[in-house]
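Trainee: Residue numbers (this note's numbering), protein chains in the order written: chain A, 304 to 552; chain B, 304 to 552; chain C, 304 to 552; chain D, 304 to 552; chain E, 304 to 552; chain F, 304 to 552; chain G, 304 to 552; chain H, 304 to 552.
There could be a bad hint or two in this list.
Claimed, not checked - Dumping the calculated DSBU-like pairs for lysine-lysine here, alpha-carbon to alpha-carbon at most 35 Å:
(1) F:K396 <-> D:K362
(2) B:K307 <-> G:K317
(3) E:K310 <-> C:K471
(4) A:K310 <-> A:K320
(5) G:K317 <-> G:K307
(6) B:K317 <-> A:K471
(7) F:K362 <-> D:K369
(8) F:K397 <-> F:K362
(9) A:K362 <-> G:K362
(10) F:K362 <-> G:K362
(11) D:K369 <-> D:K320
(12) A:K317 <-> C:K317
(13) E:K320 <-> D:K317
(14) A:K320 <-> A:K362
(15) D:K400 <-> D:K362
(16) A:K369 <-> A:K307
(17) H:K396 <-> F:K320
(18) G:K307 <-> G:K320
(19) H:K307 <-> F:K317
(20) C:K307 <-> A:K307
(21) H:K471 <-> B:K317
(22) D:K320 <-> F:K471
(23) G:K320 <-> G:K310
(24) B:K310 <-> B:K320
(25) E:K362 <-> C:K362
(26) C:K471 <-> B:K471
(27) D:K362 <-> D:K320
(28) E:K307 <-> E:K320
(29) B:K362 <-> H:K317
(30) G:K400 <-> A:K471
(31) C:K362 <-> C:K397
(32) D:K320 <-> D:K307
Derived by calculation from the structure, the hints in this document are not laboratory data.
There are 8 protein chains.
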Amino acid sequence: MNQKRLKTLLQSLKMGKTTVEEALEALKHYPFEAIEGAHIDHHRSLRKGFPEVIYGEGKSAAQIGKIMEAMARQGENILVTRLDAGKATAVRKKFPKAVFYPDARVLTLLPNPLPPRGRGTVLVVCAGTSDIPVAEEARITAEVLGNPVATLYDVGVAGLHRLLSQHKTLTQAAVIIVVAGMEGALPSVVGGLVDKPVVAVPTSVGYGASFGGISALLAMLNSCASGVGVVNIDNGFGAAFLATLINRL
Amino acid sequence: MNQKRLKTLLQSLKMGKTTVEEALEALKHYPFEAIEGAHIDHHRSLRKGFPEVIYGEGKSAAQIGKIMEAMARQGENILVTRLDAGKATAVRKKFPKAVFYPDARVLTLLPNPLPPRGRGTVLVVCAGTSDIPVAEEARITAEVLGNPVATLYDVGVAGLHRLLSQHKTLTQAAVIIVVAGMEGALPSVVGGLVDKPVVAVPTSVGYGASFGGISALLAMLNSCASGVGVVNIDNGFGAAFLATLINRL
Amino acid sequence: MNQKRLKTLLQSLKMGKTTVEEALEALKHYPFEAIEGAHIDHHRSLRKGFPEVIYGEGKSAAQIGKIMEAMARQGENILVTRLDAGKATAVRKKFPKAVFYPDARVLTLLPNPLPPRGRGTVLVVCAGTSDIPVAEEARITAEVLGNPVATLYDVGVAGLHRLLSQHKTLTQAAVIIVVAGMEGALPSVVGGLVDKPVVAVPTSVGYGASFGGISALLAMLNSCASGVGVVNIDNGFGAAFLATLINRL
Amino acid sequence: MNQKRLKTLLQSLKMGKTTVEEALEALKHYPFEAIEGAHIDHHRSLRKGFPEVIYGEGKSAAQIGKIMEAMARQGENILVTRLDAGKATAVRKKFPKAVFYPDARVLTLLPNPLPPRGRGTVLVVCAGTSDIPVAEEARITAEVLGNPVATLYDVGVAGLHRLLSQHKTLTQAAVIIVVAGMEGALPSVVGGLVDKPVVAVPTSVGYGASFGGISALLAMLNSCASGVGVVNIDNGFGAAFLATLINRL
Amino acid sequence: MNQKRLKTLLQSLKMGKTTVEEALEALKHYPFEAIEGAHIDHHRSLRKGFPEVIYGEGKSAAQIGKIMEAMARQGENILVTRLDAGKATAVRKKFPKAVFYPDARVLTLLPNPLPPRGRGTVLVVCAGTSDIPVAEEARITAEVLGNPVATLYDVGVAGLHRLLSQHKTLTQAAVIIVVAGMEGALPSVVGGLVDKPVVAVPTSVGYGASFGGISALLAMLNSCASGVGVVNIDNGFGAAFLATLINRL
Amino acid sequence: MNQKRLKTLLQSLKMGKTTVEEALEALKHYPFEAIEGAHIDHHRSLRKGFPEVIYGEGKSAAQIGKIMEAMARQGENILVTRLDAGKATAVRKKFPKAVFYPDARVLTLLPNPLPPRGRGTVLVVCAGTSDIPVAEEARITAEVLGNPVATLYDVGVAGLHRLLSQHKTLTQAAVIIVVAGMEGALPSVVGGLVDKPVVAVPTSVGYGASFGGISALLAMLNSCASGVGVVNIDNGFGAAFLATLINRL
Amino acid sequence: MNQKRLKTLLQSLKMGKTTVEEALEALKHYPFEAIEGAHIDHHRSLRKGFPEVIYGEGKSAAQIGKIMEAMARQGENILVTRLDAGKATAVRKKFPKAVFYPDARVLTLLPNPLPPRGRGTVLVVCAGTSDIPVAEEARITAEVLGNPVATLYDVGVAGLHRLLSQHKTLTQAAVIIVVAGMEGALPSVVGGLVDKPVVAVPTSVGYGASFGGISALLAMLNSCASGVGVVNIDNGFGAAFLATLINRL
Amino acid sequence: MNQKRLKTLLQSLKMGKTTVEEALEALKHYPFEAIEGAHIDHHRSLRKGFPEVIYGEGKSAAQIGKIMEAMARQGENILVTRLDAGKATAVRKKFPKAVFYPDARVLTLLPNPLPPRGRGTVLVVCAGTSDIPVAEEARITAEVLGNPVATLYDVGVAGLHRLLSQHKTLTQAAVIIVVAGMEGALPSVVGGLVDKPVVAVPTSVGYGASFGGISALLAMLNSCASGVGVVNIDNGFGAAFLATLINRL
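Chain A extracted, bound-state conformation (with noise of 0.2 Å):
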C-alpha cells in the first residue's frame, strides 16, 4: 500500500463509505509495505548530487554500460570501482566525458561535481608505492563525495624521517585514511602521532605470510594506538566513505 492508496483510504474512511473496523483491517499489513520507499531515507542527505556506485569487478563493459546509461538519463554522477583498463576503454567509446585513473582502476561521469564541504581535509596516507592503488581509490572516492583531500605518499615504517617531516600535514587533517600492506604498521604510527579518527585500510601488497593482506588486517585491529577503525583489505572506496560520514559530522 502506497501512499496514495492510504491517502485513498483515509478519505473513503472520512467520507463514511469505509468502517474504522474495515480500515484497520486493511491497514494490517501496512507498515511492512510503507517501510519500502518513503521512510527509510538513510544516507538521502549525503546522497544529495552524490555519485551512483558500480563496483566492476565480475561485470562486463556491457554490463556495466546499460547500467550507466539508465542512470546517465536521468543526471547522476556515476563512480566505477574495481574497472580495468580494457573495459574501461570499451566504456568511455560511450562515454566520452567519463574519466578514467588507471591505477587507480576508477571511472567518473560527473555532470554536477558536488562542491567542497566537510569539517576538513580528508588526508590520504599510504605507506609504500604498492599501495598507490588503493590509497588513489580511496583519495577519488572523497573527491567526488564532496571533501577536500590532501595525499601523503611513501612513507612507510622503515624510513620514519619521510613521515615525521610531514608532521604538520597530518595534524591539520580532520580525519585520517591510512592504507599499508606488509606488516600493516603504518596507522598505529600515525595514529599515535595525531588525535583524529584513522581510517586504516589494509593492502593485499606483499607475498609469503603476507597472506593477501590478513597480515596487516591482522596488526591494523591489534594497533596499540587508540582511535583507529579497520575496513576490508584494499577497501580504498569503502574508506572513503566512512571518512565522509565522519567529516559530515
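Put chains B, C, D, E, F, G and H on the given structure of chain A with help from the hints.
Mentor: What follows is chains B, C, D, E, F, G and H alone, placed relative to chain A:
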C-alpha cells in the same frame, strides 16, 4: 637537549661566546632529542581532564593500586578496564570513591568528571544480552570521555522488530557503536538504516564455529553497508575512544 | 503508536475531528513503530505451548532462577540448555518439579507438555559414546518441542554393521539428526542410505587435528551425499529446532 | 549372489538336493553381495522422473556429451551444473533441445519434466546481484526437481526495506533457500521473520577478508536465528536438493 | 534375523512347511540384519587375546571401572589410554593387578599377555624428552599388541650424532614409529636413512607457532622422504596399532 | 676421504710409513666424509631395478628430457609424475617407447620392468570419479614398483552398497590405498571393514569448504578407525611408495 | 627548515637581527623537519657503493626501465629482484651491460662492483633443486652486497650423507643462509651442526599441505636448534641482506 | 667404535696382527659410530663456561632439581627458563645461591659467570610494559651468555618520541633484539633507523585478533625493513642465543 639548554645555546651564540659552526654542531642531535616531550602533543586537546587508562588484565591488584596512587596524587581521572571483581574489591579498599561496574569489568575514579561535549550523542547498540559486558565497557568509556551517551541493547537481527521500532533513536545519534558476537550481522543492518559513522565491535560471544569472535569480526569487515569501521574483538574501550575522536571533530 | 491509538485516530478522522492531512502526518512514523509486537508473529504457531529457551552457559544459577521465575509465573514450559550439574542442583531447589538431564546438560520444567505431533519421527543418530551428550540435547529438545523421537547411538562408520543392521529404523524416520565428532563421516553415510532430510551436527569430540570440531564440521559441509544441512558445532538444540520446523511443515 | 541364484538355492534345498548346512555355507557371503542393487533404494521415490545430475566442473564437453548420450538413450531427464558457456555451446550442438542458463551455469535436458508437487513453494532469496548465479542454480534445480518455486533477489540486509516490503512472500513459502556472500547475514534476518526451515547457502562473493566465502559460511553457522541449516559455499544445487526432500516429506 | 532363525527357516523350507516365495520374502531384510555380528570379522585375527581399549579422557574413574569390570569378567586383556594419575589410583584400588605407566598415562590389565610375534621389531624413536609420554604410549601399546619393541629416545635433529651413532638399530627394525613435536623433522631424517615404513606421530610439544602440534603435523605430511604415513597429533596408540597391522602382514 | 684413500692410508701404516698418531689425525674428518656414498645404502634393496622418479611439476619438457637421457643411458627404469599432456607429447618424441597415462599425468619408461613381488596385493580404492587421477598415480606407481595391484573405483560412502558388495576384494588385499576428496570419509569405512594397513590419500577434489583438500585431510587424520596412515594431499605416488615398503617387509 | 636555512637563522641571531625568542619560535617545528635527510643515515655505511634495489613484481618493463635510467645516470649499482624473463629481455635492450640470472629472476647492473669484504664467507645452503631459484636470489644478492659467498645445493634432510660429507664447508662459514620448502627441516639440522648464525628462508616449494610455504615457515620458527632467525617465505633477498649486516659487524 | 678402540686397531695393523682387509671391514661401521661425541663439536667454543639450559615448562620442581644437581656437581653454569615462582621457591631451597627473576621466569646458578665479550652491546628493546617478561628473558640470557647488554623498554610505535629520543642508544648497539606483541610493528621501525641486525621476537601479548601472537609474528615476517630475522613467539631465550652467535662472530 631540552628547551632550556637550547635557549642557553642561542643566548651564548647571540653573545658571541659560541660560533655559528659550534652551534650547528651542537644542534646535530637536537631533532631526535627535542622530539621527546614538547613537540608530540597528540591527544593533548582530548586529554584535558581525560582519565588515564589502565588495562587491568594481567596486572595484580597491588600493581594497579600502585599506578593509581601516582595518578591520584596529581588529581587525574582514572579508568581501569578488564578488571575482575576480586581485584576491584581490593582496589576499592584503597580508593573508596572509585566506582566499579561489574558487568563491564570497569572501574572509574573521577575527581573531576568531564562535562558532556561533542557534536551529538554516541549511541551504543548491542545484539544480545551476552554482548552487554562489552557494550557497557564502551558506554562507560564514552561517558567518562565526556560524550552524551544513549544505549539500545538486545536488538539482534533475529528479532528485527525490536531494532526497527527504535528507528528514531538510531537516526538521532551522531556516532553509533554496534556490538555483536555470533554472526556479527548487526552493524550491516544498522549501517543500512542510518547515514552516520558506525564503529563495529565484534565480541567473543558464541561457541563452536564462532571461534572466539573471528566469525563476527569477518562479518563486520565484509559488511555490505558502507560507513563501518571495525575494532578488535571485545574492544569496547577502543570503540568508545574512536567514537569520541569522531564526535569531537 | 499502538493499535488502540491507531483506532482512536481513525475514529477521530471519521468523526471529522482530524483532517486527512493530519492523519497522514500522524501515520508517518507508524510503520516502524507498528512493526513491534503485532505484526511479526514468527514462530507463533510453533510457539503455542512451546518452551521458552534459556542458554545456561555464562549465566549464574541466580540469574537463571530469576528468568525462570518470571516465565513460570505465566505457566510457560521452560528449557534450559548448557547447564552444568552444580547450577542445576541450585535451580532445582527453587523448582523441584524441574527435571535435569546430566548427560545432555539440559533442564526442563514443563507444566503443559506438548502432545506429540508432526509428520513423523525425528531420529537422532550419533557416532560414538562421546557424542551422546550433544545427541541427548537434540533428543530432549525434539521431545519437548512435541516430536515423536527415536535414537540410534554409537553407530560410527568404523563399525558399519551396527548402522546397517538398523536399516529399517533409518528408513522409517521423517527427519534424521546425525551427530558426530572426529572425522564427521556419519551424515554422508546416513544421507546415502535414506531419502529424508539429514540435519548434521558436528561435535567437538576428538583431539589434535580435530581442532575442537572443525574437522567434523568441514567433513559435513563437504558431504558427498545430497540432502544434508549443517548446524554449528555441538548445537544439538539448533538441530532439533530445525528438525521440528521440517517435521511440522 | 543375486536374487535368481538365491531362488535356485532355496529350490534346490526344498527339493532335497542341498542340505541345510550347505545352504548356510552358501549364504555366508550373501549379505554383502545382496546389499548391492536390490536393497538400498535410497532416493528412489524421489528419483522417479528425477533428472540425473552431472557436475560439469573439470569435465570436458566431450566427456559430458558422452555421459549425456548414455542417459538420453534411456529417456532420462538430465541436469548439468557448473557448466561454462563454451562447453554449453558444444554440448548443445549435440543436444539442440537442451536449455542452457548462462547465469546459473546450468544446462537441462528434460524429455519428461516433473509435474510440480510438494507441500508448498520453495522460495529462493538472495542478498546481492552478485549472488544471483548461485541463487539461479538453486532455483532451476528446485524447479526441475518438481517444486513450485518463487524468488526474491537483491534484498540484502543493508537495505532492509526491500526485504520487509515482501513480508507476505516470505511467510507464504514452505521452505526458504537464502543465498548470501560477504557478511552472510541474510539467513539470520530471514530466519527471524518466518517459522519455516531456512537452507542457507554462503557464496564466494566478496574480496579480501571474505576469504572466498568463509566469512559468510561462518556467519551462517553462527546464526542467532534457530531453524537454519547450512550447505557448502556456492552449493545452490545441494540447497535445492535438501529443500526438495523437506518439501516432499 | 540371526543365524539360528535363518537355520530354522531353511529347515522349514526343506521340510515343506515354507514355500520358496515365503522364504524369499523372509530373506528380504536379511542382508542388513545379517551383516551385524557374524560377517564383519575385521580385526578378529588381530584381536585374539588382544586387549580391549578404553579411551580414558573425559571418562570418570567410576565409568572406567565399570567398563573394566565387564571386560575382566570375560578374562579379556585391557588397555586404558589417556588416564591421569588420580583416576589410575582409583582404578587400581579395584584392580590391584593393573599396571599404570604415569609417563604414558596408560594402564594395562593383562590376564593373558600376548606372546611376541610379527615379522620383526617395532622401533619407537622420539625427538626430545618432552615427546616421551607419546612415545611411551606407542611403546606400551605395541608391546601389549604382541610386538617385539625397541626404543631410541631423545635423538632430535639438532644433535644428529645421537641418531647416526644408532644407525644399526634403525636399519634392523621392521617398522619405525617416529614421534616428534616442534618442527617435526625427525621422520624425514629417519625415512631417509632406512627403507622401512615409517609411522610419524606429531606431538603437541612446543609453544607459540607450534600451534599445539600443527607445525609438526604439517612438516610430517610434507616429508621429502618417501615412505612416511602420518597419524593424528599425540596419537601414540594409533601409531602402534598401524605398526602392528604392518608388522603382522 | 674415500675407500681407496683409506686403504692406502692403512697400507702405509702397516708398512711403517705412517705412525699411529698420523693415522689417527688423518682419520679425524673421516666419519663425515665416509658417510657419503658407501654407508648410507637406504632404499638400495628396494631400488634394484626400481625406476628413478622425476617430479614433473615446474620442470620444462626440455629439462625433463635432459634428466631422462642421462638415466636412460644407464638403462634405468624411469617414472615421471605430475606431467601434463603437452610436455608428455614433447618428451615422447625423444623417447617413443615411453608410455604416458593422461589421467594419472604419469609417464613411464621401463627397459627392465620389475617382476611382481611382495607379500600380497596392493588394492587402490577411490571414492569418486574425480579422485581417479590420484588413484591412477598410485596404481601405476605401485605397479612399476613391482606390486600386484587391484583397483576398486567410485565406491564413495554415499553409496555404501557399491563398496560392501566388493567385501571379498577388500579382505583379500595386503595393503589398501584409499583415495578420497570432499569429506574424506572412505578410509574410516574401509579401515573398519578390514584388518590391514590403510594408506589414506586426501585429494583436492571439491569446492568451497573443501579448501583444496584440507577437509579430507583432517577427516583422515581424525579417523575413528585405527590402522590408518595419512600422506599429503594428492600424493598418490607417496602412498604407493609407502604401500610398497609395507608389502615388501 | 633545512641546514642552510638553519645556518642563516643562527647567523641572523648572532648578528642581532633576530632575538632569542624569535629563534626559539622559529625552531619550534625544526625537529620534525630536520629529521628528514640529514640525520637518519641508517644503512649509509652499508650503502657505500651498494646497489639500489628494485622489486620487479607488479612493475612493467617500462616502469623498471625508467627507474633504472634515473639511477644509472648517477652511476649507481642496481639490483632488480623478482623479474621474469620477458621483462628482463626488454630491460636489457636499454641496458645491454645488465646481467640477468633467469633461475634467480634477478638482474644486476654494476658499474662499480663492491670489493669482497666482511668477517667471513656467507654460505648459501638449499634442500632441493626446486629451492634453487630462492637460493640463487640470496647468493647473487650476497655477492653484489660484497660478501665472499659459497653454496651447497640439494642437500636435503632425506639424504643426510650429502650434507654431512660437506661438514667442513659448513663449519668454515661465518653466516649460513638455509633455504628449504616442504617440511623445512634443514635449518634445524644445519643449526645443530655449527655454532654460527643461521638465516632460514622457507620456500613455497611443495604442494597440498605445504600451503605455499606455511609448513616450512612454521617448522623453521619451531626449530629445536637455537641460533636460527627466520625471514619471509621465498625472501632470498632479505636473507642475504640480514646475512650481510651480520657479516659486516 | 670409540677413539681408544680405533687406536688399538691401528696399532694392531701396524704390528701385523691385523690385515688391511680386516681393518677395512672393522672400519665399515666406524663413520656412524665415530660421529657420536668426538667430531660434532658444535657450539663448543660458545659453550666454554656457557650455562646449560633447562626448559622449565612442564617439568616438576623435583625433576628440575635432579637435573640441576647432576650439572652442579660438575661446576657448570645453569640457566632455567619458563619457571614459575612456585617451582622456583622449591628449587632455591636446594640451591640457595640460585637467583630467580620472577618477571622473566628465569633462574640462574652461575658458579663461574662468563666475562663480558663480543663485538659490541646487545640492545634489548620492547614495545609495551606487558612485553617486559619476554624482554627480560632475552636480557638475562644474553648477559649470562657473556654479552654486554643494554635495554630500552616501553618504546612502542604509538609513542614514537620515546624511541626517537633514544636514537643514540639504538645506533650504538651491535645487535638489537626487538620484542613486541599486538601489531608487532616495532622491529620495522627500529630496522629502519639502524644498520645493524635486528632479531625480532613476537609476544603473545594482546587479545582478540592478536591470536596469541600470530598477528605480531606475521607483521615481523612481513617487515618492510630489511635486516630483520624472526624467532618463535615469546622466545626471548632463542633471540638472545642468536644475538650472541652474531655478536661473537
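Trainee: Next step is simple, just say for each hint if it's right about the structure.
Mentor: Now for the hints, and whether the structure bears them out:
1. F:K396 <-> D:K362: holds (28 Å)
2. B:K307 <-> G:K317: The given pair, whose Cα atoms are some 18 Å apart, holds under the 35 Å limit.
3. E:K310 <-> C:K471: With a Cα-Cα distance of about 22 Å, the restraint between E:K310 and C:K471 holds, given a limit of 35 Å.
4. A:K310 <-> A:K320: Roughly 14 Å between the alpha carbons, so the hint for A:K310 and A:K320 holds.
5. G:K317 <-> G:K307: Between G:K317 and G:K307 the Cα gap is close to 15 Å, so the pair holds against 35 Å.
6. B:K317 <-> A:K471: The given pair, whose Cα atoms are some 29 Å apart, holds under the 35 Å limit.
7. F:K362 <-> D:K369: Holds, at roughly 34 Å.
8. F:K397 <-> F:K362: With a Cα-Cα distance of about 16 Å, the restraint between F:K397 and F:K362 holds, given a limit of 35 Å.
9. A:K362 <-> G:K362: holds (26 Å)
10. F:K362 <-> G:K362: holds (26 Å)
11. D:K369 <-> D:K320: violated (48 Å)
12. A:K317 <-> C:K317: Roughly 4 Å separates the two Cα atoms, so the pair holds.
13. E:K320 <-> D:K317: holds (10 Å)
14. A:K320 <-> A:K362: violated (53 Å)
15. D:K400 <-> D:K362: holds (21 Å)
16. A:K369 <-> A:K307: holds (32 Å)
17. H:K396 <-> F:K320: Distance ~62 Å between H:K396 and F:K320 Cα, so the pair is violated.
18. G:K307 <-> G:K320: With Cα atoms ~17 Å apart, G:K307 and G:K320 stay inside 35 Å; holds.
19. H:K307 <-> F:K317: Status holds; Cα separation ~18 Å.
20. C:K307 <-> A:K307: Holds: C:K307 and A:K307 sit about 24 Å apart, inside 35 Å.
21. H:K471 <-> B:K317: holds (29 Å)
22. D:K320 <-> F:K471: holds (27 Å)
23. G:K320 <-> G:K310: holds (14 Å)
24. B:K310 <-> B:K320: The hint holds at about 14 Å.
25. E:K362 <-> C:K362: Given that 35 Å is the threshold and the Cα spacing comes to 26 Å, the pair holds.
26. C:K471 <-> B:K471: Not OK: C:K471 and B:K471 at ~58 Å, beyond 35 Å, violated.
27. D:K362 <-> D:K320: violated (53 Å)
28. E:K307 <-> E:K320: holds (17 Å)
29. B:K362 <-> H:K317: violated (73 Å)
30. G:K400 <-> A:K471: At roughly 45 Å apart (the allowed maximum being 35 Å), A:K471 and G:K400 break the hint.
31. C:K362 <-> C:K397: holds (16 Å)
32. D:K320 <-> D:K307: Cα-Cα ~17 Å, so holds.
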